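Asker: Sequence:
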Amino acid sequence: ACVAIEFGECPTLDVVVVLDGSGSMSAKFGGHPHGYDALMEMMREWVRVLPLNGEPASVGAHSVKDNGGVRVGFVQFSGWNYWKSEARKTPSGVGTGGRLSGVLAELEADVDWHEDNYMGDGTMIEAGLNMAVDMFHGSPVDGRQRVLFIFTDGEIFDPNSLAAARTELDKEQVQVFGIVIRQGTQHTKADLDAEATLKPITSDPHDDHFENVMIDEIPGLMGAICDPNGPWGHLIVKQTPKPTSG
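As numbered in the working numbering, residues -17 to 228 make up the sequence shown, in order.
Hint data in this document are derived by calculation from the structure and do not stem from the laboratory. In this text, all values refer to a predicted model and were calculated from it rather than measured experimentally. Where hints are given, some of them may not hold.
As the list claims (entries may be wrong) - Only pairs whose alpha carbons sit at most 27 Å apart, straight line, appear in this in silico DSS-like list of lysine-lysine: (1) K171 with K10; (2) K181 with K10; (3) K66 with K181; (4) K181 with K153; (5) K220 with K181; (6) K66 with K171; (7) K66 with K153; (8) K66 with K10.
All chains should be modelled from the sequences, with the hints used to inform the complete structure.
Answerer: Encoded structure:
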């Protein structure tokens, strides 16, 4: 099968995308009347062009690195009444069942489910990061690349609760990238506050693992994740985690 040219240099790759399901994402972003729905449709188009490896979610940690290709998982985060972090993934029997998958039909079902189950409350990410860690437990440390993308449009309200999850992501050899989505061309206090709280969660060096973009820039950014000349491709294509011995 033909592989989209922008993904031609992708290593064997497991990706978890952590999506901001907070209330502010329901606002108008550029020409999009509902930011969260627009983001999910961009995720749908993205998985359609990725070189997915064809392994269903049921394969889990038995995934074979030599098969190449990409697997993806989705997590949505928010927080009830702005005091308790909550997160969602698809339940058992729907799409991936909240796991990594290389099958397009499973991932599209996940996108549908997340669109239908938008949380719409506060911006608290601890539960979302913990859920991402659990997904990476289904990703063998066999030399494949492991990447986490976090999308948010506003200040993260629980930055002091993330140390444990962040340590686990490092143990799992996950590169963490952050994307702040802004509503228009101009920077605002909202996106600058988001930047101040999201950037420290990303991998070192933070500036190399972070972007602050308008929503319509997301397809180009995500379409270049394996382009060595893109903002992140040189980090994803060239870095190879060491297999775990013993």
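Asker: What's the verdict on K66 and K181, does the C-alpha distance respect the 27 Å limit or exceed it?
Answerer: The hint holds at about 22 Å.
Asker: Going straight from one Cα to the other, do K220 and K181 come out at no more than 27 Å?
Answerer: Within the cut-off at roughly 22 Å; holds.
Asker: Does the structure keep K66 and K171 at a Cα separation of 27 Å or less?
Answerer: holds (24 Å)
Asker: What's the verdict on K171 and K10, does the C-alpha distance respect the 27 Å limit or exceed it?
Answerer: Roughly 17 Å between the alpha carbons, so the hint for K171 and K10 holds.
Asker: Is the hinted pair K181 and K10 satisfied, with a Cα-Cα distance of at most 27 Å?
Answerer: Holds - the C-alpha atoms of K10 and K181 are around 24 Å apart, at most 27 Å.
Asker: Hinted pair, alpha-carbon criterion (27 Å max): K181, K153. Please report holds or violated.
Answerer: With a Cα-Cα distance of about 19 Å, the restraint between K181 and K153 holds, given a limit of 27 Å.
Asker: Is the straight-line distance between the alpha-carbon of K66 and that of K153 27 Å or less?
Answerer: holds (26 Å)
Asker: Does K10 lie within 27 Å of K66 when you go C-alpha to C-alpha?
Answerer: Satisfied, since the Cα-Cα distance of roughly 26 Å is no more than 27 Å.
Hint check: no violations occur; every hint is consistent with the structure.
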